[in-house]
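Visitor: Going by the UniProt record's numbering, 64 is the number at position 64 of the sequence shown; the sequence numbering is gapless.
Mixed in with the good hints, there may be bad ones.
[Stated by the list, open to error] Each computed DSSO-like pair below joins lysine-lysine, with the alpha-carbon atoms no more than 30 Å apart: (1) Lys62 <-> Lys74; (2) Lys94 <-> Lys69; (3) Lys90 <-> Lys75; (4) Lys46 <-> Lys16.
Because the hints were derived from the structure by calculation, they are not lab data.
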Amino acid sequence: MASDAGKMFIFCFSTKVDERRRLLGHCSLPGNDVTAEIKTGISSSKISLMQAHQRLAEWGDKLSDLGLKMELMKKNSEEFYQTMKVFNNKIADKNWYEF
């Protein structure tokens with residue numbers, strides 16, 4: 001019977017990974033832990049880069065909005081200056097009794 005058990009074991013098919021795991025136990029695939037750590041690091045780096053890219057795009061949008069607002073303020077201030085200049089010239093030409 002002992003010889004029959006050995007024959008059954010001969011026909012048992014296993015993959016290299018299963019055999020390595022059976023022979024070495026928990027130390028069978030040391031590269032998997034390192035690979036998992038690297039993948040985790042890469043994914044966190046990707047997330048950080050995507051967030052930085054998004055913040056940069058938002059910052060650019062805010063800067064362009066600020067530029068547009070500054071142009072509008074400049075235009076409004078020039079219009080106000082011209083209006084006040086015309087008003088002051090009118091007032092300067094009038095005599096005190098014409099108010």
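Visitor: Each hint: holds or not?
Guide: Taking the hints in turn, this is what the structure says about them:
1. Lys62 <-> Lys74: 18 Å, holds
2. Lys94 <-> Lys69: Between Lys94 and Lys69 the Cα gap is close to 38 Å, so the pair fails against 30 Å, i.e. violated.
3. Lys90 <-> Lys75: At roughly 23 Å apart (the allowed maximum being 30 Å), Lys75 and Lys90 satisfy the hint.
4. Lys46 <-> Lys16: 34 Å, violated
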